[in-house]
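Position chain P against the provided structure of chain A, taking the given hints into account.
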Amino acid sequence: MNVIPCSIKTLKGLYDISGVEVGQHLYWQIGGLQIHAQVLITSWVVIAILLGSVIIAVRNPQTIPTDGQNFFEYVLEFIRDLSKTQIGEEYGPWVPFIGTMFLFIFVSNWSGALLPWKIIQLPHGELAAPTNDINTTVALALLTSVAYFYAGLSKKGLGYFGKYIQPTPILLPINILEDFTKPLSLSFRLFGNILADELVVVVLVSLVPSVVPIPVMFLGLFTSGIQALIFATLAAAYIGESMEGHH
Amino acid sequence: MSSTVMASSRQLLSRIAPPSTRTPALPVVARIDRDKTRRSSGGVLTHLATALSSRSAAIAAAAAMAAASPLPALAEQMEKAALFDFNLTLPVIAAEFLLLMVALDKIYFTPLGKFMDERDAAIRAKLSDVKDTSGEVKELEEKGAAVMKAARAEISAALNQMKKETSAELEQKLAEGRKRVEAELAEALQNLEKQKEETIKALDSQIAALSDEIVKKVLPSA
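Quick mapping for you: the protein sequence lines, in order, are chains A and P.
Be aware that the first sequence starts at 1, since it is given in full-length UniProt numbering, and climbs by one per residue.
Be aware that the second sequence starts at 1, since it is given in full-length UniProt numbering, and climbs by one per residue.
Pulled out of the complex, with its shape left as it was, chain A reads as follows:
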């Protein structure tokens, strides 16, 4: 029975490569509190990619832009356009927030799909897109909530809370509920999409290692981009909504 140890070896190899580890985390302790280290590490990589590429491309802007600068000008125009359509004419101060939101989520999602994180072995858990962790998505969603409250309060002062009894006081509970459903839906949409995408790819790879997962991977890239766009668009829409006047 020479077959069994051999197959055990291959199976173990397959396990190591394609093991799906849902909810497994590498923990770091900081002052009695715990941190998901794999999320932190990948987020640092994402931030490094963003800052590095931006510094290289934009450090010396030319009147006639070349490749890198051209790309980042296009990205900036895209973000400005997005902010302008959602927020309106006073979109200027919100471009950094919306832009960072979009770029961070986009690069995070694509890093999960494109970077070979699994090559790096962790003692526990595995490296994946930062948006694969509920902590990241909830953090971004809560920041969005804070942002739109800030936008409304700074624009209208306490009159901002008048929107809760608009158009009629009967809708007060629903209006209050909305403030909770907004971050909830934002964070769970992103988290669920990215996690599901990663799971589908991993399970398919473990079942059929070649060719079949490729279209799903491309679908995953598409989904990742769309999710980043949706998150940024909705964040901008919420900000715009709380800034617009109700007469």
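It should be emphasised that the hints constitute simulated quantities derived from the structure, not laboratory data.
Cβ coordinates follow ideal geometry from the N, Cα and C atoms, glycine included.
One should not assume that every hint holds.
Computed beta-carbon distance windows for the label pairs [what the hints assert, rightly or not]:
hint	chain 1	residue 1	chain 2	residue 2	range
1	P	E136	A	Y74	32 to 42 Å
2	P	T133	A	S53	38 to 48 Å
3	A	V216	P	D85	19 to 29 Å
4	A	Q34	P	I107	26 to 36 Å
5	A	L142	P	V130	50 to 60 Å
6	A	L219	P	I107	45 to 55 Å
7	P	L98	A	L122	23 to 33 Å
8	A	I56	P	E136	39 to 49 Å
9	A	I55	P	A145	49 to 59 Å
Relative to chain A, chain P alone:
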């Protein structure tokens, strides 16, 4: 959800494993069965699929072993495995995001945005400059048209004059020719007249002699 998947797979695994009595992994499987802590492992799911697809019991046992062998080491750490595990990661990511936002604003959004706006303004200014000079261009065009008109008038005047001169010369020459021809004609006519007169004179002088002769011949010796 993952824990229920885990539970069902555990039962399946323990069902598959027993037939292979000689496997050393059995105690491990048993230990996993005893382990009641919440745990979620897709790896087991993967190998469950592998185990289901294999036909012989031997390979199923191998799958069970393979699934079981890496597990004990992980089992101790898996106790806290959780999908919705909120902790310090959340505020740390939020802080990282805010720092990233400030950094990107400082090196990307604000400077490049300002640069692009300035370039847009410069291009627009140049364009409006070009629009302003369009009046000048029109003036120049009018001047050019006037010059062209003057030149054309001059040329046509010169042409007319030339035509006139030429036709006058031609007429003069024609008139000269006609005069000469007339003169010659008149001379020729005069000559003819003179010859006629001479002939008539000559005839007159001969008429008397001829009539005498005719009379002589007609009137026999009167």
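Results of checking the hints against the structure:
no. : hint                          : verdict
1   : P:E136 <-> A:Y74: 32 to 42 Å  : holds, 38 Å
2   : P:T133 <-> A:S53: 38 to 48 Å  : holds, 42 Å
3   : A:V216 <-> P:D85: 19 to 29 Å  : holds, 27 Å
4   : A:Q34 <-> P:I107: 26 to 36 Å  : holds, 33 Å
5   : A:L142 <-> P:V130: 50 to 60 Å : holds, 52 Å
6   : A:L219 <-> P:I107: 45 to 55 Å : violated, 34 Å
7   : P:L98 <-> A:L122: 23 to 33 Å  : holds, 27 Å
8   : A:I56 <-> P:E136: 39 to 49 Å  : holds, 46 Å
9   : A:I55 <-> P:A145: 49 to 59 Å  : holds, 58 Å
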